[in-house]
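Trainee: Sequence:
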Amino acid sequence: MIDLRTKLEILADAAKYDVSCASSGSYRKRKEKGTGNTEGMGICHSYTPDGRCISLLKLLLTNICIWDCSYCVNRRSSDIRRARFRPQEIVDLTINFYKRNYIEGLFLSSGIIRNADHTMELLIEVARKLREEENFGGYIHLKAAPGASAELLQQAGIYADRLSANIEMPLQSDLDMLAPDKTLVETERTMKTIRHKIDESRDAAKHQKHSSPFVPGGQSTQIVVGATATKDSSILIKAESLYREYRLRRVYYSAFSPAHFTDPQLSKTLVPTIREHRLYEADWLVRHYGFSADEIIATLDDGNLDLEKDPKLAWALKHREMFPVDVNRASRSMMLRVPGIGVKNVDRIIKMRRHRQVRFEDLVRLRISMNRAKWFIKTADHNAFVLELDSERLETQFEAKHPNHQLSLFDLTPSPLTVIAGEI
1 MIDLRTKLEI LADAAKYDVS CASSGSYRKR KEKGTGNTEG MGICHSYTPD GRCISLLKLL
61 LTNICIWDCS YCVNRRSSDI RRARFRPQEI VDLTINFYKR NYIEGLFLSS GIIRNADHTM
121 ELLIEVARKL REEENFGGYI HLKAAPGASA ELLQQAGIYA DRLSANIEMP LQSDLDMLAP
181 DKTLVETERT MKTIRHKIDE SRDAAKHQKH SSPFVPGGQS TQIVVGATAT KDSSILIKAE
241 SLYREYRLRR VYYSAFSPAH FTDPQLSKTL VPTIREHRLY EADWLVRHYG FSADEIIATL
301 DDGNLDLEKD PKLAWALKHR EMFPVDVNRA SRSMMLRVPG IGVKNVDRII KMRRHRQVRF
361 EDLVRLRISM NRAKWFIKTA DHNAFVLELD SERLETQFEA KHPNHQLSLF DLTPSPLTVI
421 AGEI
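Throughout the sequence shown, residue numbering follows the working numbering, covering 1 to 424 in sequence.
Hints may contain errors.
To be verified - Cut-off 20 Å, straight-line C-alpha distance, at most; resulting in silico cross-link-like pairs (SDA-like, lysine to any residue): (1) K378 with V364; (2) K318 with D362; (3) K344 with T379; (4) K344 with R354; (5) K268 with P258; (6) K351 with N371; (7) K192 with E151; (8) K309 with W284; (9) K378 with D326; (10) K129 with L4; (11) K99 with G137; (12) K318 with E295; (13) K231 with K351.
These are computed hints drawn from the structure, not numbers from a lab.
Please read all numbers here as calculations on a predicted model, not as lab measurements.
Please model the complete structure; the sequences and the hints are all you need to start from.
Mentor: Listed below in structure tokens is the structure:
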């Protein structure tokens, strides 16, 4: 018999490979005499050095799994120590940790036990007990087991703030090679069901004053990067289609990291964290800057994002004929394509120019990343840097100042928090 502390050590460690644990975008009122709450601005208060949120109790219900995915340490054939929580044990841990101010919510995933429906029933039981028996109003993120019935997904969505069905690979050929028990069709069918339930809930809210929300934080997914030879171009195309078809809140990218218990036939080469970072930047351009995946892909030489330059800068350097952009006259959509100027600062510039001409020093005061932006803009006082726009020397201004080796995200420019702020 494994004691609770040992279970916690095993199953908290086993959950660290799932990166789709952000908790923003949800609001849930606390019940009278209840415990916990979520806030509109989210509850991710602290981060690990690689940018992951650590304010949630992040667990697997069990690392026992009937599937045999090569990239997963919890696969059926992996020789690891196994453990399994009872639903009530997770409920007790969540409440006790919350009362000690260690956490703000629960992120709960699981290996597949017996089948998808049985696994989903156990995850729902944890959430039900927290909501109904403990009156827990904090954040709950549940993993949606691909292939689970629509009825179970409906139940899960009533209790959870967010659901996530991990697609893992952008191509079915990748899954056939590494995860023969999974199919894109089945996972996307689960995503489609969740989207329809969300739409139904929103329609009901327009006509019913006290209708129950369905996963107010939306749904997300995860793609593993670098476990196969699939290019970034395929990953971006898949991510864009997922946003369009299923209105996902986020696609998370996880650089494949060969662990002691991953399939020994897989590459032992560590995927650079910077590749994951570049995918997040490209993803941000698609979601917030008006870029299409095809536009970004057209700038790629070998199908992969440039590790030395962020994708917005790489695009601008390949389209110099569209610059310099006059910040006093250009459209909002065009200014969003200037490297170093983010969404908020574009809106500030537009507001400023209604009253007076925008000068170079005004942009400096806005704390725009002028080391990139200055080469691509024209201001009221001209800006002499644009004279280098057509020069072959311009590329050298952006050469990496660091060796091409494995880095922490906090060693990079811009940092993850800069990307979150929209300054790319």
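Trainee: Now tell me if each hint is right for this structure.
Mentor: Cross-check of the supplied hints:
About 14 Å separates the Cα atoms of K378 and V364, which keeps this hinted pair within 20 Å; it holds. Taking the CA atoms of K318 and D362, the gap is near 27 Å; set against the 20 Å cutoff, the hint is violated. Taking the CA atoms of K344 and T379, the gap is near 18 Å; set against the 20 Å cutoff, the hint holds. For a cut-off of 20 Å, the pair hint linking K344 to R354 stands: about 16 Å separates their Cα positions.
For the proposed pair K268 and P258, the alpha carbon gap of about 6 Å is at most 20 Å, so the pair holds. The straight-line distance between the Cα atoms of K351 and N371 is roughly 23 Å, outside the 20 Å bound, and the hint therefore fails. With a C-alpha separation of about 14 Å, the suggested pairing of K192 with E151 holds against the 20 Å cut-off. For the suggested pair K309 and W284, the alpha carbons sit about 15 Å apart, so the restraint of at most 20 Å is met.
Using a Cα cut-off of 20 Å, the hinted pair K378 and D326 holds, with the two alpha carbons roughly 5 Å apart. Pair hint K129 plus L4 holds up; C-alpha atoms about 19 Å apart against a cutoff of 20 Å. The straight-line distance between the Cα atoms of K99 and G137 is roughly 13 Å, inside the 20 Å bound, and the hint therefore holds. Of the supplied pair hints, the one linking K318 and E295 holds, its CA atoms being roughly 11 Å apart against a limit of 20 Å.
Distance hint between K231 and K351 is unfulfilled; the C-alpha atoms sit about 40 Å from each other, more than 20 Å.
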